[in-house]
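When you get a sec, could you build the whole thing from the sequences and use the hints?
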Amino acid sequence: MGRYVIRRLLQGLLTLFITLFLLHYLMALSVQIRGNPALLFFGGERTPDPAMLAQVERLYGLDDACYDRTGDPCLAPFVERMQNYARGDFGTTLTGNQDVGELLAIWIPNTLRLFIFATITLVTLSMILGTWAARHHGRFVDHSVRGTTILIDSVPVFLVLLAYVYIIAVPLTNWARGIWGDESFMGQLFRPSYSADYPWVTIIIPGIIVGTVGLATLTRLVRASQLENLGSDYVRTAKAKGLKRMRITVVHVVRNSMIPIVTGVGYTFAYMLSGAVLTEGVMGIPGMGRMIFQAVQRQETNLVIVGLTASAVVVITVTMIVDLLYAALDPRIRYE
Amino acid sequence: MAQTLRVVGDTLPGADMNAPLLEVEDLQVEFAVRGSRIPAVRGATFAVEQGQTLAIVGESGSGKSVTSQAVMGILDSPPGHITGGEVRLHGVDLLQQDAETRRTVRANHIGMVFQDALSALNPLWSVGFQIGELFRMHRGTSRKDAKLKAIELLDLVGIPDAKNRVGQYPHQFSGGMRQRVMIAMALALDPEVLIADEPTTALDVTVQAQIMRLLRQIQEDRDMGLILITHDLGVVADVADEVAVMYAGRIMEQAGIHQIFERPANPYTKALLKAIPRVDTLGQELEVISGLPPNPGALPGGCSFHPRCWAAEDKCSIEDPPYETVATGHRSRCHFAEEVYRDER
Chain A
1 MGRYVIRRLL QGLLTLFITL FLLHYLMALS VQIRGNPALL FFGGERTPDP
51 AMLAQVERLY GLDDACYDRT GDPCLAPFVE RMQNYARGDF GTTLTGNQDV
101 GELLAIWIPN TLRLFIFATI TLVTLSMILG TWAARHHGRF VDHSVRGTTI
151 LIDSVPVFLV LLAYVYIIAV PLTNWARGIW GDESFMGQLF RPSYSADYPW
201 VTIIIPGIIV GTVGLATLTR LVRASQLENL GSDYVRTAKA KGLKRMRITV
251 VHVVRNSMIP IVTGVGYTFA YMLSGAVLTE GVMGIPGMGR MIFQAVQRQE
301 TNLVIVGLTA SAVVVITVTM IVDLLYAALD PRIRYE
Chain B
1 MAQTLRVVGD TLPGADMNAP LLEVEDLQVE FAVRGSRIPA VRGATFAVEQ
51 GQTLAIVGES GSGKSVTSQA VMGILDSPPG HITGGEVRLH GVDLLQQDAE
101 TRRTVRANHI GMVFQDALSA LNPLWSVGFQ IGELFRMHRG TSRKDAKLKA
151 IELLDLVGIP DAKNRVGQYP HQFSGGMRQR VMIAMALALD PEVLIADEPT
201 TALDVTVQAQ IMRLLRQIQE DRDMGLILIT HDLGVVADVA DEVAVMYAGR
251 IMEQAGIHQI FERPANPYTK ALLKAIPRVD TLGQELEVIS GLPPNPGALP
301 GGCSFHPRCW AAEDKCSIED PPYETVATGH RSRCHFAEEV YRDER
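Residue numbers (our numbering), protein chains in the order written: chain A, 1 to 336; chain B, 1 to 345.
In short, the hints are calculated from the structure, not lab data. Everything numeric in this text was worked out from a predicted model, so none of it was measured. Backbone N, C-alpha and C fix where the C-beta goes; we use that ideal spot for every residue, glycine too. Some clues are possibly wrong.
[Said to hold, decoys possible] Quick look at which bits of chain B chain A covers, simulated, 3 or more residues with Cβ under 8 Å:
# : segment
1 : 13–21
2 : 117–127
3 : 134–141
[Said to hold, decoys possible] From chain B, some residues computed to sit far from chain A (all C-beta separations above 12 Å):
#  : residue
4  : Gln-28
5  : Met-72
6  : Asp-76
7  : Pro-78
8  : Thr-83
9  : Glu-86
10 : Gln-96
11 : Glu-100
12 : Pro-191
13 : Asp-197
14 : Asp-241
15 : Val-279
16 : Pro-300
Following this line, the structure appears as structure tokens:
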């Protein structure tokens, strides 16, 4: 078990390192091909004073000669960046000169909150619906669960979000505030936009909406793996052992069907990032998704790299947790 | 002689200790498939007494496993339905009991050993947990004591170093050892009847013999009734007291083991016996029963075996033969049972 964990951790670190380097190389290429982002500092002015440009380039670490040679991997700036990250220095933004580290301290928790609510929604809904469908497989319940989840999944997230924000949120908020008051949990819950004063409550609804992305896939995964287990020989043995139905379900069915489900949740988590971009945009949540999108638009090289690094860390961490869960769930993997 | 049930606190209500241990009478099982009902077991009747071994022999699809699952009450339903008959344990018809009573009968009164122990054991739990679970769920034993009981049982079924192996997982055991674990599990709550459904089919020949010996020995030690389900008449010879031969959901012949081997009264049994490889027929071509078992959805009229029968006459395709007694404790379902019995056919 110990060796398994160490191997997975090392693999995770290696993946992270390769991701970081690829990100760096891609950004270096974009600077080399698309042009110097330091020009942005001067707004609309096309030909700034060369001395000032050089100073700005130095300030943002863009003065290395490698940025003029297309295809150069720019190793020196990469090493420097890694050293800065290790010290907790994530640089500043091009526009506004804000400290990226401080911004991350606001953005990352918001996105994590969004993911927490989304994951809870996704796992709960798909487990309940999938189990229900498996119990009644081939019958009306099964077909209607499939139909409904595919319908929910095929409506784009932004459409659901827009419908919520412009049609449902305001009347619902007014109604809730009329009963429970402005400052109450319910009064804040249905707000059409994020509020920095209520960072948890106002992210619940957006989280639930993001959680419906991938619902159909995961529900069918739960259904399929439970069906497989319900018909398995060891469930028959459990019946022959005179165990109660509840005991059989919890001990001999659910745990055995968790492996594909855990895999599915891992995948969907990575997939949720794209949902987060839209959701954070529409609901005005200052989070990683919205930040990365805007950084790409504004050619904020540093922000893009930091943002994508953060999301890579999240995806790699989740993958590693999934791998460790496998080992916790299945002794055959643990002793491999 | 009135005798208390072995399981204190789990006594079957209304049990009569003078009644036979387990009797199955005219058991009917059907499968509902795509709107039609397909008969799987058509009137099985047999009994097992304490300390006795009954072998149910038949080809695949003859209904022997379905019969055992129906007796055990673990038939997958749907599609399976018991449509008639009785399953009496100490005179109590189990089919009339509520689900909760039936549940406690399992493992407490009737234990079951399955064919493929690798898939019949849950791969995610240690064997100690799976055996101990029985004590914890049925007797309220603590986790620690349940583990001790599991070690005791593993020791009993001949697993060396049981103390260390109790925490291991099914995939860490060999095929024979896994089957021993299955047997330990079936024995845990000291049932009066043990049903072994093809317990040796998935094993090597040498291991098969060991497992059969173990089953026999445990059955004698504990004075249990044993129902041995198999497709291999050869396996049966050493262990069974009684044999019931099944074909297409029906019992074709039932008699003591010597009767069956020496004086079969049914053409099907005779054909089966000829198909057993023997040392004294070495080098000769093995006899086979031509054709395939009938599709249960489209059974032939008359006697179900007639299309493959070497003794069939016109009558056999029209009239269903009665289940008749040819000698004491020897019954056969054939129009020519008497003649076959006297070896005139």
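Hint by hint, here is what the structure shows:
no., hint, result
1, 13–21, "violated (count 0)"
2, 117–127, "holds (count 8)"
3, 134–141, "holds (count 3)"
4, Gln-28, "holds (21 Å)"
5, Met-72, "violated (6 Å)"
6, Asp-76, "violated (8 Å)"
7, Pro-78, "violated (10 Å)"
8, Thr-83, "holds (21 Å)"
9, Glu-86, "holds (21 Å)"
10, Gln-96, "holds (18 Å)"
11, Glu-100, "violated (9 Å)"
12, Pro-191, "violated (10 Å)"
13, Asp-197, "violated (10 Å)"
14, Asp-241, "holds (24 Å)"
15, Val-279, "holds (35 Å)"
16, Pro-300, "holds (31 Å)"
Hints 1, 5, 6, 7, 11, 12, 13 from the earlier list are contradicted by this structure; the remaining hints agree with it.
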